[in-house]
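Peer 1: So you can see what is in the structure, the chains are spelled out below.
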Amino acid sequence: MKAQDYDRPNIDIAWCPGCGNFAILKILKQALAELAISPQNLVIASGIGQAAKTPHYLQTHIFNGLHGRALPAATAIKAANPQLTVIAEGGDGDMYGEGGNHFMHTIRRNPDLTHLVHNNMVYGLTKGQASPTSQRGFVTPLQIDGVCQEPFNPLSVAIALNASFVARVFVGAFEQGVAVFKAAIQHHGYALVDILQPCVTFNKLNTYAWFEEHTYPLENSHDPGSREQAFARACEMERLPLGIFYRSQDRKVFEKQLSAYKEDQRPLYQRPLESTKLQNLLNAKRSL
Amino acid sequence: MHSSAKKNLPEDICIVLGGAAGQGIQSIETGLTRLLKQSGYHVFASKEYMSRIRGGSNSTQIRVSSGPVAAPLERIDLFIPLDGAALTHLCPRLQAASLVLGDRANLPAYPGLIDMPLTTIAQQAGDHRYASSVTIGAVVGLLGICLELLDAYLQQRFSDNPSTIIAGNRVAAAAGYQYGQKLAKTGTMQFELKALASVTGDLLLSGNEAIGLGALAGGCNFISSYPMSPGTGVLTFLAEQADEFGLVVDQAEDEIAAINMALGAWYAGARALVSTSGGGFALMSEGLSLAGMIESPLVVHLAQRPGPATGLPTHTEQGDLQLALHAGHGEFPRLVLAPGSLQEAFSLTRRAFDLADKYQLPVIILTDQFLLDSLTNIPALDLHNLQPHHQFVETDTDYARYRLTASGLSPRGLPGHGAGLVCVDSDEHDETGHISEDLALRTAMTDKRLGKQSELLQDAIAPQLLGNDDFHTLVVCWGSTYHVLREALGALKGLPVAGLHFSQLYPLPPQATAWLRQARQLLVVEGNATGQFASLLEQAYDCTVEHRILKYNGLPFTVEELKQRLQSLLDAPD
Ligand SMILES: Cc1ncc(C[n+]2csc(CCOP(=O)(O)OP(=O)(O)O)c2C)c(N)n1
Ligand code: SF4
Ligand SMILES: [Mg+2]
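Going down the list, the sequences are from chains A and B.
Counted from 1, the first sequence has number 9 at position 9 by the numbering used here; the numbering is strictly sequential.
Counted from 1, the second sequence has number 1227 at position 227 by the numbering used here; the numbering is strictly sequential.
For the record, the hints were derived by calculation from the structure and aren't laboratory data.
Honestly, I wouldn't trust all of these hints.
Unchecked claim - Partner residues aside, some chain A positions facing chain B, computed with beta carbon under 7 angstroms:
#, residue
1, Phe63
2, Ser275
3, Leu288
Glycine residues also receive a C-beta, built at the ideal position from the N, C-alpha and C atoms.
Isolated chain B (complex conformation) (with noise of 0.2 angstroms):
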């Protein structure tokens, strides 16, 4: 039995750390969660930088937690400023319980501040550039991590340096481990965090790894892009993946050369992959619609940043619904899916590509630059039966690409597969895939393509009902507000309050009519301005949506900010 001042010891420790780009917020980022991870703590980790290579303001917020946590806090236990910048950028949030570690020498006076001399520290193990270990070492040693584990991950880390090198940082961590230690005992901050050995052997992985890995047991071979933030994490990813997997990866001279390559890839057997913003996405426009017309698998990643334009670059939006539902010319059919967590967006986009290619069609899958650069324990991914569900055929000589059929799906051919020929044409076209001005026809292949459309309601992914079904309040969500919202409602235990989730959203899923006919009061909640996905509920189901809850300055909604702008709009309850 735990005595009643330790039961409310808090289980779940909020750490930010900040500082100027290039001051290795990253490797103290990587280090701490996969050393936190490995002692058996949950952890998530969610950055929020500035768009530049040297100087501004970056900073990563770390959750350590003896339960699973995926979703970012407003609250502040224990603060790592780096330099002045950091410390006036976060101040707002800190609260009188906030710990506040810095080192005195390069920082502003601020009262509370606990002096940790990083440099001198460094510098006293052979170098100033060893902080970032002195910095891993003092939250190790605080949080009372083994020793051995952290030079395991440092010998690890610095293995392909000279030996001075592995050694200073050693040397250096382990000094930051013995203040961290130190100020543990002082008892200045209190917190129970139980480890756990399964999560142990838990997988760390990012967004970007979630999906580049998902798009590797799709069957992803080929991958054409531009770079922009936050699509280029994927494009990295699988550059990294190609010697491994074999894969064609191509640094295309713009987004138009990427989406055409895709498709040219798709067509001679490839499974292809173009990753991208929205910028990079409006380029896309004209090729997603020759998808539709030549009647091609495809699969598109688009990372969605907050514009218009260039926006802001490295933060994070759902600002490109619309776009992704309206791109392109002409009418034709496509599928959108929003993965919400890492589970998903593994998951989702590994069944992108299997969709695309039996439905024969572009699938946008749409993420943020939240959900991209997010990074969380999960015990495992889904793989079984990795086989890619390939759906093209061998020809005969009489083969024709866009032959007339019931479900409107032609059996898709190569070139190069059997004896016939596969002809596509962005030109309104017959059977055979050439040219034609027979308006009948037309007719004919337009209801052809859009006729997909509904065969694809049979793969609808329904949505996921957060909390109980005996719900008055349902608050709808879509894609990576699906961790914070769960945070949230559980927060607001005993409210006959429930979530939905939307993970398809294009064509919407019939399952979700029910739960929205059950709502008496229906609120949506989406990283925009305008509400893009409670419009298309509105028109999709015939529901009325009492209240947008919008969030668009470039950061994700907190738990704390969730809650209590819930807490603010639900009913009484009855």
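Chain A extracted, bound-state conformation (with noise of 0.2 angstroms):
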């Protein structure tokens, strides 16, 4: 597949010029063509903000939901039917903000997802209070003296709950994007992406050349499969390792685990009602 197979004919972006969700957008485009993901067959859940609105700018089935509520859905959306491959993708607000809780448990539970998340660093679609993960000393129309608080750290929470793949890419390298992307979209279980995206409107303090010049990639010698490494390097503030911090096989898939799918592969909505059993059931209520 191609690219532009996954291109929507006469959309209205709402996008600002010269934004990293183009970019995103295009390495994601790319991604699924390499993997040859058809539209049919795969589910975009996404929340609210301007990262959120990615869905609706290419073919595929959307979940466009509620704001910080992305995992959730997916999660449910990957349940019911195994046999989609399903990402959820939002912003930093929306993943570590609005749905903290939610990102926690999902790493948790270990569904076989891929979560993107448009890290610009602020609340583009609000215009432009701070995030979880701006920078201290941020100012913004509300925290008027600055960001006081320690920025959140994906990475490291991620890899410290055991998620079974962990990383850190940025628009601005494309050939990694595509790469991570694939990697992620591949793994079995629930994969972190992410993504550091140049918000020109409203960041003017984690401009394109401020990524530049705080990101470096990961050296060839990392080992994704330590999980120490993994977590001494996603604690690294200073400048940003950008690639595959950790990756696992380790970990049971939560959707494999069910109930529900210990006999029967079909997708929930292809299999009958259990009239029999149902019955029996009932007529246990019957005796002593």
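Mind docking these for me? Both chains are given alone in their own frames, and the hints should help you get the complex.
Peer 2: Written as structure tokens, this is what we have:
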């Protein structure tokens, strides 16, 4: 397949010219094309925000739900029909702020889905307030004296929770982005990709130049099988490493452990009602 | 022919057991209700529990009767306090005729207490923990049920235990049985219960089980919930059935996750349920609104308990009606159902899945702790035509999820089922499900969504008239007050009064209008402090409710109490 196969004709994209979201969309289409995932087999669940609009800009099934709530919806979509490829996509506010509780507990469940977080360190859609990942001192119309909280570190949190795949990319590095997206989608289990994305309108601190200066690729010698190494690298805050920090096949996949799939691999919608079993259950309530 | 003295013997006895959490009240209730039903008696059990794992004072009321019963009584015929707190707690309800049986060694002095040395008998059988079996044995002996049945029950009940425990419980129960028989011979308790062979084959179900079975019959295959009493029972029931029925069961991290999972599940083709109580439902409000916007089917079981906030976690109330009606921002259609009996708990839950699917909207099943935790025998559940009426379609390439149609209903496709793409959006959207700020479209989409509310009336469930249609006074009730009103009205025979029970609360059924017009005096009975349904009724049917009969102390209405309150309000017949 080609990236263009995912194009939606005549769409009115609501992103600012120069926004990092365009690069993410391009990386995503390229990765999907290279993996030959058909739009009919792909669901993208998203929340609310500029990032969360992404699924509207490509050919796919969409569950564009509530702010912060893409992960529970995505988990359930995969659990109801494990044959689908499922991606949950949204911004740093959406996924780490409003949806923070789901972030933790989705990692614990480990459903087979890919979690794409556009991390622009700001709330874009609501016009420039701080996000959980905003840097200390970041001045906004709301944080007039600058952010005074410790920035949320999604990678170290994910590794601490034993997420089965943890990566970070920067939109300026297309090739690496495609490679990491592909690896994340192919990974069996929960895969987090935190995507550093400049917001050219509301974040004048973390610009393209700032990201170029403050990021570098993880060395080839980095062992993504070592949780300790991965955690140490995720804690680096001065310059942010890019690439796959951690990858493990040890964890069981959520939907594979469900009773529903012990003997039957069909999606739930294809199954008939177990009327004989229901009769038997009722009859049991007639006896002593 | 019975002699006249014999004729007056009660055919309905009310047994109450009280004790601390952990003293075995639940297992005694389970044992007794099963044995009594299996002997051909109608039974009804209802609990009053405190929100604690140990201690406190819990009680269960078990009615044994020659005819069907399903409402709590004030009267106590046989009281078995297992500790002093139970005696103090329930003492005000005892009358001269109440028989009080208890272990003198564990109880404060009480005039009229008949000593039943539970601990001694249990210890003689090998272990003081056999006391529950002694109690079961004593009641069964007193009521003259056959010992073989008791023995069979105990063997089955303890089958997973070592043989010494089985044997010990059997010995203990047999000793209790002897005690009960001896007591029966003294004639302290007079009754004439009639056993019916047909009852032995009845179903013995709790409200929780009826809702859970209804969900299974409705094709439910996905449940995501966060534990909260009294909504947890349904979650637990379905979890127990997960292997057999291939269900997806998930204990979500919070109610927000639970409802968003349920919506994701419906989107992908599952039939999903969430079960919660008021506090959890409040957290689900935004998700409910999402169901309205994306036109997703959804079934929510809202099990009421007294609020506000944490309230009384293990007690009962009908206080969340207005919440169910109004939860969720914005304007969207919904259906609210409130079962009054086990049969309705089953059939309405089953139906909720088909209606949610047909009209693509949230259906709320409103129950309460009383209904869920009560246990009754019923002959059967309606299992005809056991196939869920799935409404989804296979899509083609020009599929649009929100195609504007005359009825407002657009065929619902599923991702991965057909050539089309299924796009749903919590933003206002166009026919294809993509975000849109076209304001003309906004009006069209709102009309489309709200239009389903009137479509829903085609399937409206008529209220049920209790009594004759030549009434002057009409007493309206809804949900779990069905049986208590029925029985209270039965005791007012001869007066021109009838009841009207609503099990569809929103949209209100048009079929009620004629009954309401006919009433010269309109009363409403409900378990809350403000008369929420009465207000709704006045608004919807343009009628005037003369009196609201309310109760909100955490307990259900009893038959005697309701009868007395009705009597004091009834217009004198012309
Ligand atoms: C419950 C709820 N609270 C608040 C909002 C308003 N809101 C929409 S998006 C957003 C934050 C967006 O930030 P982010 O997720 O980082 O996305 P971005 O626009 O930066 O891509 C907020 C606060 C909402 N839609 N819903
Ligand atoms: S506000 Fe920022 S994140 Fe949103 S589109 Fe514009 S540049 Fe991109
Ligand atoms: Mg952001």
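Peer 1: Are the hints correct? Go through all of them and say.
Peer 2: A quick look at each hint next to the structure:
Nearest Cβ of chain B to the Cβ of phenylalanine 63 of chain A: about 5 angstroms, under the 7 angstroms cut. The hint holds. The closest approach between the C-beta of serine 275 of chain A and any C-beta of chain B is roughly 4 angstroms, which is under the 7 angstroms cut-off, so the hint is satisfied. Because the smallest distance between the Cβ of leucine 288 of chain A and any Cβ of chain B comes to about 5 angstroms, under 7 angstroms, the interface hint for this residue holds.
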